[in-house]
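Number of protein chains: 2
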Amino acid sequence: MTQNITWYNEDQDDHIIQIGARTSIRVTEKLYEKQSDFQKVEIYQTDTFGKMMVLDNCIMLTDANEFAYHEMIAHVPLFAHPNPERVLIIGGGDGGTAREVLRHPAVKECVMVEIDEEVINVSRKYFPEIASELDNPRLDLRIEDGMAYIRNNENAFDVILIDSTDPVGIAENLITVKFYQEVFRSLRNQGIMVAQAESPFYFANIQQKLFANMKGAFPKVQMYLSHIPFYPSGTWSFAFATKEASFDRQQYRKDDLQQMEGDLQYFNEETYHACFAIPTFMQKIIA
Amino acid sequence: MTQNITWYNEDQDDHIIQIGARTSIRVTEKLYEKQSDFQKVEIYQTDTFGKMMVLDNCIMLTDANEFAYHEMIAHVPLFAHPNPERVLIIGGGDGGTAREVLRHPAVKECVMVEIDEEVINVSRKYFPEIASELDNPRLDLRIEDGMAYIRNNENAFDVILIDSTDPVGIAENLITVKFYQEVFRSLRNQGIMVAQAESPFYFANIQQKLFANMKGAFPKVQMYLSHIPFYPSGTWSFAFATKEASFDRQQYRKDDLQQMEGDLQYFNEETYHACFAIPTFMQKIIA
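In the order they appear, the protein sequences are chains A and B.
Residue 113 in our numbering sits at position 113 of the first sequence, and the numbers go up by one each step.
Residue 524 in our numbering sits at position 237 of the second sequence, and the numbers go up by one each step.
Mixed in with the good hints, there may be bad ones.
In silico lysine-lysine, BS3-like type, Cα no more than 30 Å apart, as pairs [claimed, not checked]:
#  : chain 1 : residue 1 : chain 2 : residue 2
1  : A       : Lys30     : A       : Lys125
2  : A       : Lys254    : A       : Lys243
3  : A       : Lys254    : B       : Lys338
4  : A       : Lys254    : B       : Lys507
5  : B       : Lys541    : A       : Lys254
6  : B       : Lys317    : B       : Lys327
7  : A       : Lys30     : A       : Lys51
8  : A       : Lys220    : B       : Lys541
9  : B       : Lys338    : A       : Lys284
10 : A       : Lys51     : B       : Lys571
Just so you know, these hints were derived from the structure itself, not from any lab.
Predicted model only: the values in this text are computed from it and were never measured.
Build the full structure now, drawing on both the sequences and the hints.
Below you can see the structure in the form of structure tokens.
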């Protein structure tokens with residue numbers, strides 16, 4: 001049993017080492033490695049979780065578990081919004097978030113702005129199921145800087161999803177007040193922004209900064225949680241910011257949700273409500 | 288940064304290796320190791336999570352994160368029960384579950400039956416905060432086999448907590464129909480049993496068996512979830528079985544809960560409700 005076992009250890013990055021805990025996945029083969037203009041992109045064949053994508057030494061997804069992240073970043077805001085016709089994804093190069101967004105018939109157009117074409121290319125090749133909607137005619141796929149794109153698109157979107165890597169390195173600009181103010185301006189009335197917001201167990205320092213900056217630009221900011229095994233600690237948070245202070249998440253598109261539930265693996269109506277219940281120590285981080 | 292880093296790797300056990308994912312914790316020193324009559328007991332000093340207890344190569348707890356498990360195994364059933372006067376803990380040798388149970392003034396007596404005295408001894412020595420209530424006069428601490436104890440105590444408890452190690456090896460008997468039938472008989476009317484029930488992401492096979500067997504003995508069995516970083520996948524489940532089919536978890540001790548909330552780190556009133564919301568793929572495992 002203990003022969004020929006190779007572990008991919010998520011411990012090459014200082015911010016992982018500093019946590020003092022790492023995840024390792026049993027792999028059989030490295031299928032691909034390339035330094036793109038922005039980051040190191042690696043693909044592994046794992047033993048029990050299908051293929052795995054690693055960006056700058058951080059596990060991004062595996063075939064087996066990606067649904068937990070992609071369903072939760074997309075469906076919570078999309079069902080909370082009364083009529084999400086135009087959606088913007090910043091990042092999300094693997095295509096999983098776009099796939100979930102495009103399940104919604106209400107969405108007339110989804111713009112996806114990914115800075116690193118390499119991520120899109122490897123996803124098309126190694127993760128065809130995750131990339132399956134990248135050629136959907138309702139998707140406007142752009143290879144450019146999300147920061148620049150958003151500056152030029154005022155009052156244009158109902159939902160904006162920040163599906164970025166960790167806010168260290170290239171993604172650090174994505175948690176500034178200035179960026180959030182530009183997102184705010186890009187949203188139409190009743191608009192919602194959701195951003196991946198790190199683990200409350202390990203990255204309280206990043207969370208504090210992210211939520212404080214977001215509250216500097218939005219009148220109402222909440223947090224919700226998902227269980228995601230391969231992200232540090234297995235618990236991942238999302239910041240949920242609304243253009244209106246009066247936003248009420250009990251006014252969701254209940255009928256549409258109940259109609260889609262059966263097609264999903266993670267998200268359901270109970271989860272929609274429950275994900276906003278935050279353990280006490282996490283509430284204190286972002287208070 | 289990368290010099291002199293030592294990782295404790297949770298990969299010595301076949302059932303962890305078979306998952307294909309492991310957790311590692313940065314440690315500075317092994318403080319203790321002993322093979323007891325029942326299992327291998329190890330204590331490590333970690334870099335960032337305080338001390339860590341490992342039983343038979345599985346991480347049981349660290350100072351930093353133990354609250355997430357202990358609060359959730361204890362307070363959900365204890366607030367769900369109208370008047371939990373007598374509580375039984377099977378296992379729980381570290382004392383964390385007893386500490387949480389004894390926060391409840393309603394509890395007149397808590398019996399804790401731990402088979403392995405060694406776990407109690409190391410907890411007293413290395414985890415004084417976790418073991419802090421082991422000498423509480425309301426605690427009846429017994430070193431004996433929980434299986435045998437429960438057989439001789441009919442109609443004796445309001446809440447029974449199965450705080451065992453993974454149901455492989457010594458704890459395997461704790462997920463049989465026969466055992467659950469004996470727990471059922473040991474409960475008074477309106478009684479509740481809660482058992483730690485593994486990770487839905489990795490141990491679906493154990494969960495299926497555990498829930499099926501429990502449903503063979505109890506009229507109503509539900510699942511609830513907690514975020515626990517150092518258990519495999521970071522998501523841990525609990526089985527919640529009630530003696531009455533008519534049990535309604537909305538009839539909880541709301542006032543008592545609101546009074547205790549401020550003393551806790553994880554559990555709160557929102558969490559009480561939300562932890563029973565189960566992602567769709569997990570519902571299917573135990574259906």
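Margin query: Please verify whether Lys220 (chain A) and Lys541 (chain B) have alpha carbons no more than 30 Å apart.
Written below: Cα-Cα ~28 Å, so holds.
Checklist line | Restraint status (C-alpha distance of Lys30 (chain A) to Lys125 (chain A) at most 30 Å) | finding: holds (14 Å)
Margin query: Given the hinted pair Lys338 (chain B) and Lys284 (chain A), is their Cα-Cα distance within 30 Å?
Written below: holds (24 Å)
Note to self: Hinted pair, alpha-carbon criterion (30 Å max): Lys254 (chain A), Lys243 (chain A). Please report holds or violated.
What the structure shows: With a Cα-Cα distance of about 21 Å, the restraint between Lys254 (chain A) and Lys243 (chain A) holds, given a limit of 30 Å.
Margin query: Check the hint pairing Lys317 (chain B) with Lys327 (chain B) against an upper bound of 30 Å on the C-alpha distance.
Written below: Distance ~13 Å between Lys317 (chain B) and Lys327 (chain B) Cα, so the pair holds.
Next item on the list: Below or equal to 30 Å on CA atoms is what counts here, so check Lys254 (chain A) against Lys338 (chain B).
Entry: violated (47 Å)
Next item on the list: Quickly compare the C-alpha distance for Lys30 (chain A) and Lys51 (chain A) to 30 Å and report which way the hint goes.
Entry: holds (10 Å)
Note to self: Lys541 (chain B) and Lys254 (chain A) were given as a pair; does the straight-line alpha-carbon distance stay at or below 30 Å?
What the structure shows: holds (28 Å)
Notebook entry, point to check: Has the given pair, Lys51 (chain A) with Lys571 (chain B), been kept, meaning a C-alpha gap of at most 30 Å?
Noted result: Measuring from Cα to Cα gives roughly 24 Å; hence the hint holds.
Margin query: With the threshold set at 30 Å, check whether the alpha-carbon distance from Lys254 (chain A) to Lys507 (chain B) stays at or below it.
Written below: Measuring from Cα to Cα gives roughly 28 Å; hence the hint holds.
Hint 3 alone, counting from the list given before, is not met by this structure.
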